[in-house]
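Participant: Take a look at the letters that make up each chain.
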Amino acid sequence: MKLGILVNEGPYNHEASDSAYQFARAALAKGHQVCRVFFYHDGVNNGTRLTVPPQDDRNIVKRWSELAAEHKLDLVVCIAAAQRRGLMDKGEAKRHGKDADNLAPGFRISGLGQLIEAGVEADRLVVFGD
Amino acid sequence: MTEENAGGRVKKFLYVNRKAPYGTIYALESLEVVLIGAAFEQDVSLAFIGDGVYQLAKGQDTKGLEVKNFSPAFRALEDYDVNKLYVDEESLRARGLSAQDLVVPVEVVSAQRMAEIMESQDVVLSF
Numbered sequence: 001m002k003l004g005i006l007v008n009e010g011p012y013n014h015e016a017s018d019s020a021y022q023f024a025r026a027a028l029a030k031g032h033q034v035c036r037v038f039f040y041h042d043g044v045n046n047g048t049r050l051t052v053p054p055q056d057d058r059n060i061v062k063r064w065s066e067l068a069a070e071h072k073l074d075l076v077v078c079i080a081a082a083q084r085r086g087l088m089d090k091g092e093a094k095r096h097g098k099d100a101d102n103l104a105p106g107f108r109i110s111g112l113g114q115l116i117e118a119g120v121e122a123d124r125l126v127v128f129g130d
Numbered sequence: 001m002t003e004e005n006a007g008g009r010v011k012k013f014l015y016v017n018r019k020a021p022y023g024t025i026y027a028l029e030s031l032e033v034v035l036i037g038a039a040f041e042q043d044v045s046l047a048f049i050g051d052g053v054y055q056l057a058k059g060q061d062t063k064g065l066e067v068k069n070f071s072p073a074f075r076a077l078e079d080y081d082v083n084k085l086y087v088d089e090e091s092l093r094a095r096g097l098s099a100q101d102l103v104v105p106v107e108v109v110s111a112q113r114m115a116e117i118m119e120s121q122d123v124v125l126s127f
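So the protein lines, in turn, are chains B and X. Taking our numbering, the leading residue of the first sequence gets 1, the next gets one more, and so forth. Taking our numbering, the leading residue of the second sequence gets 1, the next gets one more, and so forth.
The hints are all genuine.
A few chain B residues that face chain X, going by a derived Cβ cut-off under 10 angstroms, partial list only:
1. G4
2. N8
3. Y40
4. H41
5. D42
6. C78
7. R84
8. G111
9. G113
10. E117
11. G119
12. A122
13. L125
14. V127
Keeping only pairs whose Cα atoms sit at most 20 angstroms apart, straight-line, the calculated EDC-like set for lysine to aspartate or glutamate is:
15. B:K30 with B:D74
16. X:K12 with X:E119
17. X:K68 with X:E29
18. X:K12 with B:E121
19. B:K2 with X:D122
20. X:K11 with X:E116
21. X:K11 with B:E121
22. X:K12 with B:D123
23. X:K58 with X:E107
24. X:K11 with B:D123
25. B:K30 with B:D123
26. B:K62 with B:D74
One side of the interface only, derived from the structure: several residues of chain B facing chain X at Cβ under 8 angstroms:
27. A80
28. A81
29. L115
30. I116
In case anyone wonders, no lab produced these hints; they're calculated from the structure. For glycine and all other residues, C-beta sits at the position ideal for the given N, C-alpha and C.
Model the full assembly from the supplied sequences, consistent with the hints where possible.
Facilitator: As structure tokens, then:
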């Protein structure tokens with residue numbers, strides 16, 4: 001089955017991000033396809049490479065990056081939600097005159113159209129959030 | 001905007017609004033998805049359940065909150081051919097509201113009818 005995933009909550013603050021990751025990993029292990037993971041609302045914070053969680057805790061951002069590298073996942077951070085919350089790639093940082101960028105490897109920033117497209121393309125769009 | 005109509009397929013999208021308009025950003029950002037998504041020529045419906053019904057309440061005054069009152073944007077949905085708005089009857093009644101208290105025309109439906117509407121969708125986005 002072709003799955004799309006929507007993550008609406010930030011890392012550590014809410015279990016939705018963990019559940020979405022575990023669901024994606026389990027689905028891939030079962031041979032399903034994950035055509036896109038879209039991060040919205042505070043979910044965009046799953047894409048910052050600057051998190052430094054305690055060493056005895058899971059590294060949520062790194063985990064997403066590794067899963068993306070392993071399975072060529074398309075991890076998309078909503079641009080409008082990202083701009084509000086200070087998530088940016090190099091291009092966005094330059095465009096807005098910011099002195100830093102913080103997007104983690106494997107993530108890309110794009111528009112809400114990518115979420116709609118995932119809904120159209122996927123057999124199921126699974127939403128993780130409050 | 002055929003280039004944005006992914007593969008020319010039309011699916012039934014339902015946006016379920018469950019949160020109060022202010023206090024969290026869910027309602028505002030949900031509406032942003034609806035407005036952007038409208039350009040994709042899908043079959044769009046909106047549902048309002050629980051505190052989500054407050055999103056449509058008339059007379060919202062957000063000056064004291066120092067945030068934008070985005071309720072007028074619901075009136076623009078019609079221009080995007082989004083006109084299937086379903087409001088849960090019990091949620092309205094529990095909050096002392098009726099269809100006349102809302103900024104746009106809606107269809108007030110029972111919980112059972114709402115379940116049927118959800119069942120008939122291809123994509124359900126819950127905010």
